[in-house]
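Undergrad: Residue-level listing of the chains:
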Amino acid sequence: MYRIRIHGRGGQGIKMASRVLGTALFHAGFTVQDAPKYGAERRGAPIFSYVRAAREPINERGVIYLPDLVVVADDTLLAVPTAGTLQGINANSVVLINSHESADTWRHRLNLDARILILPAGEEVEDRAELPHVGATCAGAAARLLGVIERATLAQAIEEELAELGSDIVAKNLDSALAAFDAMADQQCIVGEGVAIAANDFAPPDWIELPFENAQVSAPAIHAAANSVQVRTGLWRTMRPVIDYDHCSKCWWVCSTFCPDSAINVVDDLPVIDYDHCKGCMVCVGVCPPHAIRGIAEYLAQQEEEADAADTTDR
Amino acid sequence: MPPTLLTGNVAAAWGARLAAVDYIPAFPITPQTEIIETLGAWVDGGEMPARMVTLESEHSMLTAAGAAAATGVRVFSATSSQGLLYAMEMLYTVAGWRAPLVLVNVSRGLSAPITLEPDHNDILAARDCGFLQIHCADCQEVLDSVLLAYRLAEDPAIRLPVLVNLDGFYLSFTREPVALPEVEVVRQFLPPFDAGNIRFTASAPESQAVAVLGGGPYSYFRYETHLAALNGVAVYEQIAAEFAGLFGRKRDAVENYRADDAEIVFYMIGSFASKAREAVDRLRDDGQKVGLVRPRLLRPFPATPIARAVAGKQGVIVIDQNLSMGQGGVLYTELTASLYGKPDAPPIITSFIGGLGGRDISAQEFYQMVTVTREAIASGTAPPPRLLYTAGELREVRKLQAIAAVERQETSPGQQPRETPHE
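Protein chains in written order, with my numbering: chain A, 1 to 315; chain B, 1001 to 1423.
Hints listed in this document are in silico derivations from the structure and should not be mistaken for laboratory results. Using N, Cα and C, we set each Cβ at its ideal position, and we do this for glycine too. Please note: incorrect hints may appear among the correct ones.
One-sided excerpt, in silico: chain B residues whose CB lies under 10 Å from chain A [as the list claims (entries may be wrong)]:
| no. | residue |
| --- | --- |
| 1 | L1116 |
| 2 | E1184 |
| 3 | S1271 |
| 4 | S1274 |
| 5 | K1275 |
| 6 | A1279 |
| 7 | D1281 |
| 8 | L1283 |
| 9 | G1287 |
| 10 | E1365 |
| 11 | V1370 |
| 12 | R1386 |
| 13 | E1393 |
| 14 | L1394 |
A few chain A positions that, by computed beta-carbon distances, are all more than 12 Å from chain B [to be verified]:
| no. | residue |
| --- | --- |
| 15 | G10 |
| 16 | R107 |
| 17 | A114 |
| 18 | V242 |
| 19 | W252 |
| 20 | E305 |
Let the sequences and hints guide you as you build the complete structure.
TA: What follows is the structure, given as structure tokens:
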């Protein structure tokens, strides 16, 4: 069975890379399992995906602990222990890194008993993590390292997996992936199929008895300085409430009381909306007795602001 | 059709599409959302002639689902974890209405603390509500189970809603080869819903209600629901046999994997059971007679097939991916209760809690559970239940606690310092 793990950051196309590789292996006649692994989704957060491919049904499931191939699409992750990029790498593993540094540098730095390769880049970029179509590039290079995927099969997989994104994007990813596939020609078949952990020769788990600890220790509570104010939830807004002070009856309480985010403060008997934290729910628009608050599309409000700012600059 | 790579979520959506459902009340939640998105795209694109409505909560979603099913249309919905609990009041109510529908639950551990990854406390919280339960171990099984679930729900001897469970991440986001059955064969297996006396005519609306009842009539209606659920074991076996004949896949109420000649069997539900299959194969490579017994049907509880599958074994290893606070594993409790007093019940049944919040269970842990159980068989005494938990995992928790302690000191320096966790 081939066991492949692909590490990167949210937005790099790591899930796409595993799907391209999975589909290509499937078309090459393998039984395949592929999956992404992430927490609460966030651009830039470390994520990984994995692919298993075998000639027989696959019963293994979940995270791969002993990978035959590890692809690292952002080399800064190698220094982040919680990203787990190096987990289970052994003498039979191949590590493919997207980096400006050389394989030798990484061999010394990581002191790893594994074969290390550098991802071929189609163009020179300052930050390798920003390499265009990095996911497809990783998939293309990985496909060649396995040596069991034909060039045309890789192309077919990319066309299938990216079809929804339109022909232009497919073409660009295809170019990057196939260039990486070609560039790795002399490393073809460097990745071999690993074996399962044997039941007659295994390291027993270091299980412990979980001790009782009182709730002061064991309740899952984190107390941190009040930080909600730093989270600019106003960026979520698609509609903006705007108060027309000529019509505001200065009741001083209805809109500010009903605002579910406490984003309307009363200053000198007048309600003032805190746009850093107003999410644009429009509750205030609905509850204002004299209808002195109207909702306008946020993008229009921003265009207006930009025009006003430009006006001011011109003067 | 040749197999294609599908996630568990898309396989669930295909189940609904092939079942030709009429109505889909929906509310999204991680890790179920892809089911709703997939169905939404099909309905929107005219590929699926169903009515899909997004509701403002899972409670409303279940109310809409039950109300629609009570008018005689075929209903599908899906949720997960917190959403299932939010709908809990209506789960009991809809089952009480005897409204047949299929609800997919994508298992995810419950808050607090919060997680996105799977365990079975969500689905087991719905254990006693009157919904029948089918538990899946792979993506093909998800699709197959949705079809089986409609047959089960709509059977005149049952007429109860059915929950189909798949694990978040391990199935929901995992692609595997899935064979899509031909529509004509599905129609043969699952004809359009014959609603019988369930009826509603839009031009002649009428009220359907239940009355407030005293204990006598209340007991009657509740116990009738129980009897209907119990019918599920025999009906399921008949449906599964029909399914195997048409589609060539065995979907027995209880999976028996290399268990016939086994001395020791694993007993568990859900996708982690496929890891147990892998462990069984490796243990067999080593000449160890180990197998797997996996209930697919958990409600009704298939007591007879389970008792048959474990009869005469030296030991059973129960792995519970759930935790009943103050009691332990739910599967362990139910299995031991159902085997009590049976003459050929296994003498040793060991209890392990593992996989909470998606915590993985390694191959080495499966092997070690066998070692522990062999020792128990030799000594004649089962060890106390064990949480699968390593020293390394506790070290990671200590790091988190240290960070939380520093945060607290910085926030409230005047307060008592936290007690230092002891090693």
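Undergrad: Decide, hint by hint, whether the structure agrees.
TA: A quick look at each hint next to the structure:
| no. | hint | in the structure |
| --- | --- | --- |
| 1 | L1116 | holds, 6 Å |
| 2 | E1184 | violated, 26 Å |
| 3 | S1271 | holds, 6 Å |
| 4 | S1274 | holds, 5 Å |
| 5 | K1275 | holds, 5 Å |
| 6 | A1279 | holds, 7 Å |
| 7 | D1281 | holds, 7 Å |
| 8 | L1283 | holds, 5 Å |
| 9 | G1287 | holds, 8 Å |
| 10 | E1365 | holds, 5 Å |
| 11 | V1370 | holds, 8 Å |
| 12 | R1386 | holds, 7 Å |
| 13 | E1393 | holds, 8 Å |
| 14 | L1394 | holds, 6 Å |
| 15 | G10 | holds, 14 Å |
| 16 | R107 | holds, 27 Å |
| 17 | A114 | holds, 21 Å |
| 18 | V242 | holds, 27 Å |
| 19 | W252 | holds, 31 Å |
| 20 | E305 | holds, 33 Å |
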